[in-house]
Structures are given as structure tokens and as C-alpha cells.
Amino acid sequence: MTPFAPARTTSLLEVSGVSVTFDGFRAINNLSFAIGPQELRAVIGPNGAGKTTFMDIVTGKTRPDEGTVTFGEVPRSLLRMSEAQIARAGVGRKFQRPTVFEDQSVSENLMLALKAARTPWRVLFWRETAKDRARVAELAAQVGLADHLPRKAGELSHGQKQWLEIAMLLAQEPRLLLVDEPAAGMSFLEREQTTALLVELAKTRAVVVVEHDMEFIRRLNCKVTVLHEGSVLAEGSLDHVTKNPQVIEVYLGR
Amino acid sequence: MTRTFLTRNPSTLWFLLLLALFTLGVTLLAEGFGIGLIPTAFVKVLGKTLCLCLVALAMDLIWGYTGILSLGHMAFFALGGYMTGMWLMYARTEEIVVQALAGSPIPPTLEEVAQGVATQIFGVVGGSDLPMVWSFAYSAFLQLPLVLIVPGVLALIFGWLAFRARVNGVYLSILTQAMTLALALYLFQNDSGLRGNNGLSGLQNLPGLAEMPQSTLSILFFLASALLLAAGYLLLAWVSSGKFGSALRAIRDDEQRLRFLGYPVEGYKLFVFTLTAMVAAVAGAFYYPQAGIINPAELAPIASIYLAVWVAIGGRGRLYGAVIGAAVVSLLSSWFTGGMAPAIPLGFYTINWVDWWTVLLGLAFVLVTLFAPRGIGGLFDRLPSPRRHGAQLGPDDGALREKEADA
Ligand SMILES: Nc1ncnc2c1ncn2[C@@H]1O[C@H](COP(=O)(O)OP(=O)(O)OP(=O)(O)O)[C@@H](O)[C@H]1O
Ligand SMILES: [Mg+2]
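Read top to bottom, the protein sequences are chains A and B. For the first sequence, position 19 (counting from the first letter as 1) is numbered 19 according to UniProt numbering, and the numbering increases by one without interruption. For the second sequence, position 394 (counting from the first letter as 1) is numbered 394 according to UniProt numbering, and the numbering increases by one without interruption.
Keep in mind the hints are simulated off the structure, nothing from the lab. Any given hint could be a false lead.
One side only, chain B facing chain A, incomplete, derived with CB under 10 Å [what the hints assert, rightly or not]:
1. 105
2. 107
3. 109
4. 113
5. 116
6. 118
7. 134
8. 249
9. 259
10. 265
11. 268
12. 270
13. 400
14. 402
Taking CB as the label site, the calculated pair distances span [claimed, not checked]:
15. A/229 - B/363: 21 to 27 Å
16. B/14 - A/36: 54 to 60 Å
17. B/235 - A/85: 27 to 33 Å
18. B/178 - A/68: 39 to 45 Å
19. B/119 - A/117: 53 to 59 Å
No experiment lies behind these values; they were computed from the predicted model shown. Even for Gly, the Cβ is constructed at its ideal location relative to N, Cα and C.
My request is simple: use the sequences and hints to build the entire structure.
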């Protein structure tokens, strides 16, 4: 801790001047990004723009070569924290491909995610209470998996796994949600439900959504950040950024 | 609490029941307290087998549940054996020395006894002083806790270094083999203070029980081993159930995902590695008194590989599978290598099982992997497989393959 308390900022997450190089290839190039505590933000960009890598940096999976990443009302650097510490600080992440524990039941998956102590010792002596069971049932109902609690996650359809993963995110009660391509493999109706859910969630927390589907983004009705070659190309409303000639060029000009 | 635990885990109840029946049966048929149908030598084999089942349980928790293919757990097993062995050998030698000196006109001083013991034990390696590591051997109260402490601390240090550096998969297996080999080579040296390749011997005698015949002693050890196996099974069934067990299986199948849920994966690995090392050590502490001797060959890297083979043949990821694997393979092994299996004359060549047993074991391993991926234990699973469309259970090296998993 420095003797000078860092000034309180209005943003929950602040990424500034971050660069990452993989074997000489600059995947993230002097990227800066900030999001408020109750904000919904869409991140778009062509394949390989660095969207997933951006999430890797925030969640501690990839360490940047330079730049700072801070999180919280009293900003704390995330760069010295492990993945698990960052997750416990309140950053939840949904992966591009659904990643659930296939060999475990839907309720086991949710129990694991439920906000509770995480140290081995506490988990060893942790006992499921009626309240935990009720919470798990509630979460499952919220994503339409109420009838599937005892089933193994591996048996679920692709779309159902996406939902299970979203429910696991909710179970963690994160303050910042990073959602990578949530709509992939979902039906039209499920996409509508997903957008509604994300908009609802952003009322109480920060939500960053990476998505390719423009219709999906339009329904989110929020500020859009366009990434290209590892840095921000444009930022603003969807209409604003889609009018930007540079954006049109990277999306359509090739 | 225990009742609900057992009703939630019916396989544990069944296991304990079968173990109790088996133990009772052997006790009634053996020489010590029963009708003497089972020879003492075979009681010892059975008692040792129970200890091997316990170390297989530990292996199943670390590999089958957590996905860490440790190829070093037999080193912890042997270390546990060395720790009890030191006490047994010291106490036994002390009795002999005291008896020998009893005839002398002046009663021997404590120093003289200690000197006598040291000369007796270390004469073979040309020493006459008791090395530092034997400092506690004179007292059971001081020496026996080392059964847990020494392997526990070794596992803790090794695990801390390896897991913190995120060594995974094959690299971790190789590292554990290196640890085993290094330990064995160290113990082979005469100046390691543990009698080099002579090892420790005469461990089958319990101090103060010189009058007790081996037939009684063997059945006592057998009963103790059975009790220990039951306790170990209960402990590991408890650890591998509930949310902790769920977290372990999550580490096995996709540890990175679990990190993003906020779990300190390295801490879990370290906990399980150390816990299973201590369980293995306790198993060894009861095994070697029944074997009578221990030497550094027991720490050969191959022993730990066999342990993995037992668990694989029994079916990893299910505790009873590990017990079945260890029992079946080690009993068959002692049958085949003990010269009891009849040789098969082919005219031009005679199949001697002592030589061909490992080939048979290797073949069995391949066959089980191909045709019964859930192992022998998996044959008891009555639940149908879930329809996972052959999808893998997770991206990690240690993850269960689809065919290994149960419903
Ligand atoms: N671990 C890595 N090693 C080497 N290169 C990497 C690594 N991770 C990402 N990259 C490269 O960095 C660039 C950005 O990748 P990233 O996955 O972040 O793109 P994205 O915007 O998520 O793309 P998509 O829309 O296809 O998901 C790509 O060119 C990718 O090949
Ligand atoms: Mg991506």
C-alpha cells in the first residue's frame, strides 16, 4: 500500500496502456478501457482483434507486458493477483465455448459456483444447507434448467450448457461480468432471453459482452467499443460506431 | 451425521460390510484365534494386501479424483515403513542387548546399552555410533509420529514447489519419479544412517511381545490392517464426497475453469498430495512389520508405477475400484511369482509364471484399458452411462476419458 490513498474513481474496472505480445505478435496494443459499476458494454471487433485476450488479461490468465489494470471503488491492481484471487474479488467470466464440469451434475456445478468460502479447509467442512439448495434451485429455474438438476452437465445441449454457465456466473455474484460470445449456439428465442437477462444484470453490476451478432448488440442498447488489432478503434453508440468509416473498413473493407 | 453420510454413499456401507465379513472369516479360519485352516504365512500376505489396498485408495484420491498422476506415492509408503521400522528394530535390539548384558556382574549402564544397540544395528555397515536420524528411535512416543510427519513434510515441500510452479501432467509424473529415485539412491548409501542396502530387518517382532507366537501376532496385525483400511476408506470417502470432492473432480477435468470460480487450485492440490502421502505412509507403517524387512529397493520407481496400474485396472475415480485393483493384482502377483502357479509345458518351451507374470499383467492392463475402461470396479456400476455423445470430460491431461466416467 502506498501512503497516498488512490483517488476514488467512478469506474469499476480501468485498463490503461496495456500491451501483450505473443511470440513477437502484438495481440494487444496500448489498449485502454474503463467501465462503471453499473454499466453494460458491448465489445465488437473482427476475428483476432484481441477480445478474448482482453478478457484473459482482466481475469489474470495472461499477464500484460506493460500497462495497468485496476478494479474496485478503491482501485486495486489486478496484475499481482492470481486468477482465483481476481475471481474472488468479484470478476466473473463466461468463456467463448461453454465450459462446465461435464462429469458433474447441474446442481454440483451450481454448488461449486455458489458464493461461499473457497479455501480447501473451509470447503472440506462445508455442509450444504436448505438455503444453498433453495438458491441452486432458484438459479436453475432462472435459466430454465429446473428439471435438469440431477442430470450430468455433459448430457445437456449446447444451448443449455451456455445457460448453465450463465447461472454459474450468477451464483458467484460477481461485480464485473465478462461474457464472451454468449449467443453462440442459441436459438432466436434464447438470444432474446439472454439479452433481457444481460440488460437486467447490468442494473446492479458491470457487464462486458463480446459478441459478433449485430442484432444481438442492437438489442443490448448500450455503449459499444470496437477493437481492432489489439486497440480501441471507436467507442460510442452502435449507430455512431457503425457510421465510423474506419470501422466500416475493418468490417467490410476486406 | 455418519448415518446420513453412509446412506448417501451406499458403496461405502457395502465396502465396510464386506471388509468386516472378510476379516471375521479370516480370523476364524486362521491359526491365531481360529481353527488354523489358513497358514500364518498367508495371513501375513492378506494383512499386507490390506495395506496395499489402503495405499491404492490414496493413489485413487490423488490420481482418480484429482487427476494428478503421482508416480511417487510408494516412496511415502516406504518412508512410513522406515519410520516404524527404526523403532521396531531399536526396541528389539535393545531387548537382545539387555539380555546379553544381564549376565555380567555389574548391571549395565544406559550408555552401555545404547552403545550395544548401536554396534548391533550398525555393525553391518561398519559403524558403531547411532546416527542423528535415530535420535527418537528409542521411544515409540517420539518415533511413531514421524510416520506422519516425515512423509507429510516431504510431500508438503515437494508439492509446494511443484504446484506453485504449475507443473502439470507428464512433467509432474516425471518429477515424482525423480523424487522417488533420488530418495532410493540416498537410502542405498551406507552413510544415510539407515543401513544402506541392508535396510532394516527383524521387524516382525513387537517389543515386549517376544513370547507371542507369530500366528497370533500375524492375526493381530491383520486385524489392525483391516481396521486401518476401514478408517482410511471412510476418511477418503468423506474427503471425496460433498463439495470438496466436487472441487477435486473439477481440478481433474478442467482446473483453469475452477480457478475462474475463485478456487485456489494449488492449495487443493497441495492438500490432497500431502494427505494422500500421509495415508500412504500409514499403510507402509503397517505393511513392513508384516513383511519383516524393508530396504531401499522398496522405493524403486517401478513400485509407484505398479500402484498406478493397480488403480487403473481396478477403475480410477471410484474408491472400491482401487481396493479391488490392488487386492486382485497383488494377490495374483504373489500367487504367480510365489511359484504356486503351475508351469505350463509347451513341449518346446515351458512357461514359468515367475518370468511371465509381468507380461500377463501388462496384457491385462492393455485389455482393461481397451475393453473395460471403467476397470474391474466399473463392472459393479449398475447405472446406465449418460449420453454425452462421446464428448471429453475436460481439457486437462488427467481428465477422465468419456469411457472411464460413470453415470
Ligand atoms: N496464447 C496465445 N499464444 C499466441 N497467440 C495468441 C494467444 N492467444 C491469442 N493469440 C493471438 O492473439 C490474437 C487475438 O486473439 P483473440 O482470441 O483475443 O481474438 P478474438 O478477438 O477473441 O477473436 P474471435 O472473434 O475469433 O474470438 C489472435 O491473432 C490470436 O491468434
Ligand atoms: Mg474470442
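These are the hints, each one checked on the structure:
Using the Cβ-Cβ criterion of 10 Å, the hint placing residue 105 of chain B at the interface with chain A is not satisfied: the shortest such distance is roughly 61 Å. Proximity of residue 107 of chain B to chain A is violated relative to the hint, the smallest CB-CB distance being about 53 Å (cut-off 10 Å). At its closest, the beta carbon of residue 109 of chain B sits 49 Å from a beta carbon of chain A; the interface hint therefore is violated under the 10 Å criterion. For residue 113 of chain B, the suggested interface contact is broken, since its CB lies about 45 Å from the closest CB of chain A, more than 10 Å.
Here the hint on residue 116 of chain B is broken, as its CB sits about 47 Å from the closest CB of chain A, past 10 Å. With a least beta-carbon distance of about 43 Å to chain A, the hint placing residue 118 of chain B at the interface is violated under the 10 Å criterion. Here the hint on residue 134 of chain B is broken, as its CB sits about 35 Å from the closest CB of chain A, past 10 Å. Interface restraint check: residue 249 of chain B against chain A, minimum CB-CB distance 6 Å, threshold 10 Å, status holds.
Hint status for residue 259 of chain B: holds, given a least beta-carbon distance of 4 Å to chain A, under 10 Å. With its C-beta approaching chain A no nearer than about 7 Å, residue 265 of chain B sits inside the 10 Å limit, and its interface hint holds. Interface hint status for residue 268 of chain B: upheld, as the beta-carbon distance to the closest one in chain A is roughly 5 Å, under 10 Å. Hint status for residue 270 of chain B relative to chain A: holds, with the closest Cβ pair at about 8 Å, below 10 Å.
Hint status for residue 400 of chain B relative to chain A: holds, with the closest Cβ pair at about 6 Å, below 10 Å. Hint status for residue 402 of chain B: holds, given a least beta-carbon distance of 8 Å to chain A, under 10 Å. Taken as a hint, the range 21 to 27 Å is violated for the pair residue 229 of chain A and residue 363 of chain B, whose Cβ atoms sit roughly 57 Å apart. A beta carbon spacing of about 57 Å between residue 14 of chain B and residue 36 of chain A agrees with the range 54 to 60 Å that was offered as a hint.
For residue 235 of chain B and residue 85 of chain A, the hinted distance range of 27 to 33 Å is satisfied, since their beta carbons lie about 30 Å from each other. For residue 178 of chain B and residue 68 of chain A, the Cβ-Cβ distance of about 40 Å falls inside the hinted range of 39 to 45 Å, so the restraint holds. Range check, residue 119 of chain B to residue 117 of chain A: about 56 Å between beta-carbon atoms, so the 53 to 59 Å window is met.
Of the numbered hints stated above, those contradicted by the structure are hints 1, 2, 3, 4, 5, 6, 7 and 15, listed in ascending order.
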